[in-house]
Amino acid sequence: MSQAEIHQGPATAPLHRLAHSRAGDKGNRLNLSLFAYRPEAYSALVEQVTEARVQALLAHRGASRVRRYLMPNLAGMNFVIDDVLQGGVNGALNLDGHGKTLSFLLLGMSVTVDAGLLLGET
Amino acid sequence: MSFLLGSGAGFSGDRTDAAAPIVAELIRRGQPCALVFETLGERTLAAAHRAMRETPEAGFEPLLDELLAPVLRDCLRHGIAILGNFGAANPDGACEVVSRLARQAGRPDIRIGRVHGDDIRARLTDLDLTLWEAETQALPEADQLVSANVYLGAAPLVQALELGAEVVVTGRVADPSLFLAPLVHHFGWAWDDWDRLAAGIMAGHLGECGAQVSGGYFADPGFKEVEGLATLGYPIIEVEVDGRLVVTKPPGTGGCVTERTVKEQLLYEVHDPAAYLTPDVVVDLSGAQVRELGPDRVEVMGIRGKPAPPRLKTTVCYEGGWQGEAEISYAGPNALARARLAGQVLRERLAFRVPQELRKRLDIVGHASVFDDDDGTLQREPAAPDGDYRLRLAVEHPERVWVERATQELLALYCAGPAGGGGVRRQLQRRVCTASYLVKRTDVEAFATLVDSGSSDHVAS
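Here the protein sequences come in this chain order: A and B. Be aware that the first sequence starts at 1, since it is given in full-length UniProt numbering, and climbs by one per residue. Be aware that the second sequence starts at 1, since it is given in full-length UniProt numbering, and climbs by one per residue.
What the hints contain is simulated information worked out from the structure, not anything from laboratory work. Bear in mind the structure is a predicted one, so any value in this text is a computation, not a measurement. Honestly, I wouldn't trust all of these hints.
DSSO-like, lysine-lysine: derived pairs with alpha carbons at most 27 Å apart [said to hold, decoys possible]: (1) Lys-224/B / Lys-100/A; (2) Lys-440/B / Lys-306/B; (3) Lys-360/B / Lys-100/A.
Assemble the whole structure, with the sequences as input and the hints as a guide.
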């Protein structure tokens, strides 16, 4: 991608247009990985997809602690979120006791980045 | 020459025709190799124990016949070792199935290795237990305990292979250790060669969920395209003696192995990437790099290992009472209001029809369900008044009678609830809950024996 394409001015969009994610569970602990589609977008993820914002996103689910591990080699990061699975796969009443769908809750978070970094139609 | 690790299944309930193309490719390449079936998770271990208390002969992987039958004859003929945790709660039962399938395949003399030592229930209360780091619950009372299984490492599986086992049957073993074992057996890696063990574990980690690394659980139309999801190729991991590893899949199959599919699986169920705990090694993948070498060929580098942890994770299953679910649909004009009213009526009824300690949750599928909490926080947000909504009740109680009563109250919405409700479904099941603890490695005695294929008598190792 050329620099000209990147510099199209700021746009606010769901994280879904910037990054992909997968959820994993162990007991009552969830992890959400997050990877920028384009390495140029990684710094924006680091800046905007913070532990505090992820904790707020999952506050209604009782998230007690969020830790973020940065993986710059992969243009990615890993969130580890405690007590968010309502008892986990063998204890929850939620249809999705694994929390597998929560990767797309994360991808619904809005971010503001240069429009040139976004996938899909604006 | 690299060692090839084929993945035949990534969970209990996975596609049962996935292994055939893997085995065909392993035979075609003619290199040292093994085929691994990973079919045991926290959910399935609990399900296996639940099945076994209702039917004592059950408790192993229910799809074992269908998974093994298509490939067993070819694997035995070509010397492809099969390793699987399909023994679940009843490895002896699984061994009997493997024996029978082998007889049918013309190999009544099959050598089956059976791994012992994960079941520590009988000794549990005598052991020095600590809480797993994300566990908050104290050990349940003895009369509530259903089972206790330690996550074993690769050593007893290597022992089984050294005994000449052609199929290795295990219960609870750490998933990636199923893949590490044939590597250690083949390459002769030392048990303190941490970097190589870590690479082998990560080869296993990438392969243990089957197609999740080769295009499964990945597609997002318009963003992440995957061709051929209906004919996904399951992964083959090529591992070199120095620990270099490449993820690939059989030619002519659907799916894809790309930098992105591998990255998603690399961090799947990982917590601190600098300390991924396994029974065999603590893996540091914080410096991992992923590189596409060509179509469907991705190399993973930069994996480091640290000494194995002094304690092993143990899953304890205990009585969880009964769980029930019931659902009813409302569609068309004003459907949301009718679904909400149905939920309100149900709450009012349950307030006096069942004990108040009954745990319950109401979802409106189509508006808010899987993202929501048990109190329905997201459900209170506005949504389109017309649509296709499904009210779902989930309840839990130690006594079956109250769970039945609660779900029956949803059923009664047919005639006594709002207009136009339809499509009620109810289900009820006994619940087995799980909690995780740590036991001292030195308190666990893991070993392998060969099973006499004529019966289940064990030959001492």
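A quick look at each hint next to the structure:
1. Taken as a hint, the Lys-224/B and Lys-100/A pair is honoured in the structure, with Cα atoms around 18 Å apart against an allowance of 27 Å.
2. A C-alpha spacing of about 18 Å is found between Lys-440/B and Lys-306/B, which places the hinted pair at or below 27 Å, so the restraint holds.
3. In summary, the hint linking Lys-360/B to Lys-100/A is supported, as the alpha carbons are separated by about 21 Å, within the 27 Å threshold.
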